[in-house]
Amino acid sequence: MSRLEGKKPSLFTREPLTTVSQPLSLLIAILKSCYGPAGRLKQIHNGMGGYVCLTSQSSAILSHISVSHPVLKVLMASVQNHVSRFSDCGLFTAILCCSLIESFKNLNIASCTVIKISKHLLSLCTDYLKSEACGCRVSVDFSNLETLLCLVRSILISKPACMLNKTEVDHLAVLIVKAFMFTVPCHPETKPILGKCVTVPVKGRRVLDSAVIPGLLIETPEVQFAKLFSVKRSNSDNVKVAVFCVSMSGDLFGPEEGTLTVHHGVSLEMSELDQLLNVGKQLVNDEVGLVVCQKVIHPSLKKYLKDNHVIAVDRAGLSVMEPLSQVTGSKPIASIYSLSPSCYGSLKDVCAKSFASKHFVHLIPNDTVVCSLVLCNRNETIWDELKRACETAEHVLQLTLKEPLALLGGGCTETHLASYLRQKICCLSTSSSKDVDCSQSQYQLIADAFCHSLESVACSLSHDDGEIITDMAYGHCWLVPSGFPSVSNWSDLLLKCGCGINSSTKDLSWRHLQPLFGSPPIESCPKEPSIKVADFMALDCFAAKYNGLQVAVETANLILDLSCIIEDQN
Amino acid sequence: EMSQGTVSAADVAAALAGAVRGALGPRGGRALLVRPDGRALLTRDGLRMLEALSLQPPTARAMAACACRHRSATGDGAKTFVLLLAAVLGAMRDGSPRRAARALPAFERRVLERAVARGLRPHLRCAFPAGGPGAELEAAALEALLEAYLRGRLGPGERRAVALLGCELCARCGARRPPALRLLCDRFAQLHAAAAGLPLARSRVLPGVLLRRDFAAYCPAGGRLRAVLVTRCLRPVLAAPGVECAVRSERQHRAALRWCGGRTEAVMERLRSSGVRLLLSGVKQHEEVIYYAKLHGVSVVECLSSEEVALISEITGISPYDPAGDSVQREIAEAAVVTFCQPLLLGSQRYAHIGFSSAGAFQPHCLVLCAPVDAVNEQHAAALHGAFTMLLQLFREVGQECRAESQNGASGVVSRYSPATETQVATESIACSSSQVSEHQLGGCRDETTAQSSDLALQESEHPDCMSPASAPGPQSKELNVCTDGTDSAGTHTVCERADGINESHRKHPAVCSHRNYSTAVVSTATLCEHLGVDKGPEKAGCGVTQSCPCSILEAGSVLPVGGYFEILLHYYIRQYAKQVQQSAVTVISNVVADALLSIPKALYGTERNGFTKFYLETTEALRKNQPLPVNEKGLESVYCKYQLVTSVLHCVTELLNIDLIIGVKRPLTGDSNLF
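Going down the list, the protein sequences come from chains F and G.
For the first sequence, position 390 (counting from the first letter as 1) is numbered 390 according to UniProt numbering, and the numbering increases by one without interruption.
For the second sequence, position 245 (counting from the first letter as 1) is numbered 245 according to UniProt numbering, and the numbering increases by one without interruption.
Check each hint, because a few of them may be wrong.
[To be verified] Chain G stretches covered by chain F per the calculated footprint, using a threshold of three residues with CB under 8 Å from any CB of chain F:
1) 153 to 165
2) 388 to 396
[To be verified] Sample of chain F residues with no beta-carbon within 12 Å of chain G, all distances over it, derived:
3) T199
4) N278
5) S335
6) C426
7) C427
8) L493
9) L508
10) R511
11) N557
Since the hints were made in silico from the structure, they are not lab data.
The beta-carbon is built from N, C-alpha and C at its ideal position, and this holds for glycine as well.
With the sequences and hints as input, model every part of the structure.
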């Protein structure tokens, strides 16, 4: 009730879209300049010093920069949500969404009409992308690694801040695909869950030193390192493993609600330590070879275990617990008062490994779904960017496993979709405009703006004033290197389209993408090129782009629908 | 000084109306609310917008509070409330406010109630085709109601999809009948989950319930299994709060701890051997409990909120199991049957997805809402929750409270919730006898198509001889003495809830509802036939006490096409019935309210040129000629909510007009209904 007083009235803004133009165009400029393999890097840092982030990835940019306009906050939140779910196609979503808002805003058509029609256009796109006849998607064959490698390479190449050369890209792409393959269970019918790839940072080494190791690496301090080699094996020639998630430090913790009165001369700590040593005895009797504890192990117990040739690793941390259970098949033990042998797991072997200055215990399982990617880079800032790229690639492979499709990269999907829409609208528009209750010309204008926005995403791939053109047959996207005069005979100049599927031939006719409005409708449906997976083809994740497209249009619609902003000033 | 107050109140109301008008109706846009912590909230809900405005003028705060109170009760109409209020106050600017305030109750009683009960009745449709007790909402009507409601709450691209989701959820939960609908409405927060970063099209209705917790232990199990609910930790403690435990030796301490562990394991073994494979806990369980659960193949979901625990109890009918205090051997009676239980990942949030077998009418299903941003999900969830609240109101009816005009001026509206099971014996016999009488009377007045005038002259609601003690206003109803002495401060409540008593037993059977002794009878479309001399009829003697509260103004389930039809109809009939009232003050008020009602369709048609004029002319023309209304609109709206809206606005106006002084105080006020 005290807030009856001293509460400031809220700020009421009508027609919020009139105030958003300037910050929106600034945001578009930032996002577009980052897009694609030739994207410009952004150095993000705090004026007060500290951490510097060098990046061109949407996930880093969107989480680091802050905007003040509430409408842009909604837009950024939307893209960030997409990225957190799909990792890829964040910039595509953001650029498309911004372009849609900008071009729809300039149309001066009632927003509810625009929303209805753009929703209709979106459904045309999604239906096409889902249909067998779609000319801009390829199916991914998991028995053929080349497609997977193309997918991963496209992701790595499109992150210029990773500073990778071609050899490094190839090396990492192979590692990432290999690591992914390790996480796919051999017998999915019994356990249909993907394993885990744990990234181990090693800074100060060359990228080419990166490696994939089956099993799990747990970092340990050097002191323990010397004693690690002889591991005790049980009868079955495996190493028995006990994993504890309860503290074994011997400290009394977790005070209960009531009071404990301890008589003189009784030491609960001693009692606890006795119990720990009992546990140690049982572990030794049970022929356990490796004990891993999430928390701290008491030095006496550690020494006792060491003396009995049991390797003890403590302070493993919570993040390791899940892959640890997966790799060993053990159940984390939560009580030092009762130890059930059914909790133990097993490993094929345990050995010591070291990379650069770091030492690890390497847990080698019998049948692994867990692997470790040792990721090396000399530069710490670039390592962060590289890690983000690798995680994106891994996630994309997982998404592709769920839906084995990929879309053509290099801007070709966008231009192809736009030319498909333009052609589709020509045949449909009279009936469609009646369905959504608007005039034919309004429908045409909105559809043009929609296609233009799609093409403007493809146009963002060019950063050097190079022209972007599209062919009239396939609707693919072609980048003209900068510095060439606008000639009529593009066929001589261009070799391959953006995705690398089509080679230029004499009989192709061309269209500029830049001045777009009023472009002539295309009479024939864009042809479907005979898609053979070429060696260096640019591919995008289907699930991510499909979702990004929908999220971009829905977010743009949502923002166009705003009639006022009420800002709490308190 | 009083008229000064009214002028400013009218201005304030107009300003408020200006703020919410942009979000009204199918063409309205949504508001982006930025909360103090910077989080965005998207909404078209008038309640949220009015709250977010953090209004300062006391009159505006009072208006917003009234609007919000109405919205909270009926799930709808905060924006319309403000618009109507502004229109009424605007039109009253010139007249004497005190006179108007005095005339309002009389208007409500003599004109408004009749206009609704008699004028509107022939146009109403019923959303329960089966009718009567145990009414079930028709599937088509449900869709029409939801879609029409969501038009006012969501953007053009989302309405249809969300309405279909709402329909599916209702249908699959069995919530087309009141008990399950009430549970769905009350527990909607637990019955839906949201995922951001996905398009709306990915939203789904899932069987079972999503608990907002991950499994603390998950042991996959196929087929049907038993589940128990606990609300305390299963591991015994050495010393409970306030208990002192003495430790004499180290061995004793170890033994005690070992006993605790052993006891925990024994409980878990007991559960497992009774077929329990799932433990649902309202509290955090000890690590050992989780450990033993894993060892015995029992899945555990812990830290459930009290709402989730209540939901599980309501669905399955079980109460929490308590192993303490007795032997571990006791049979576990209170176990729920679960058809499946599995983890579900929605974005970064993990859920426990559990298929409970229902013990009641509610079939557990939950809704997963997807949208690019959380703010949209919140908007969709709030809109659906509002829609379910609105649907619940559909099962209510408006009854006319018995009263003596000479004694109190306040109009009494009895609103009743009609439960599915009800004793009908007494009512039916009365209804049957009265229907015979009605039939007899119908013959007499069939030719008179407009018989209202003579009827009104009779002052139907005056029953001086029937004012038995039983029919006096009950203890729940507050009286307003606005008429008798104007010095009184403004009272508020004129709606009194009566869930029991005489009114309850007087629910009519559908077969006779159109031939009721006090209600209008519809002979053919738009042909009104009013009873004459109902007061003196022979049924009075036979009916006794029940007769003193004879009819309802609105039947449960009454709906009208959406889009201003209610307002135009009410406008038309208020004008018609106002002609028959002698008091000039009431006539003036009638005209004010009738014209104010038109402001709503005007706002709905908004930018469309001549849209409103055309609509108005077509509709009134049809009414004048007794033709069916020209409706090209599939959406429906609840007449109960609309009628409540009009009466709430009138009460708010009465309140505002009766205020003569605003006193500002520095101390915080204590009160229960201070929304601001």
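| task | Hints the structure violates: just list their numbers, smallest first. | result | 2, 4, 5, 11
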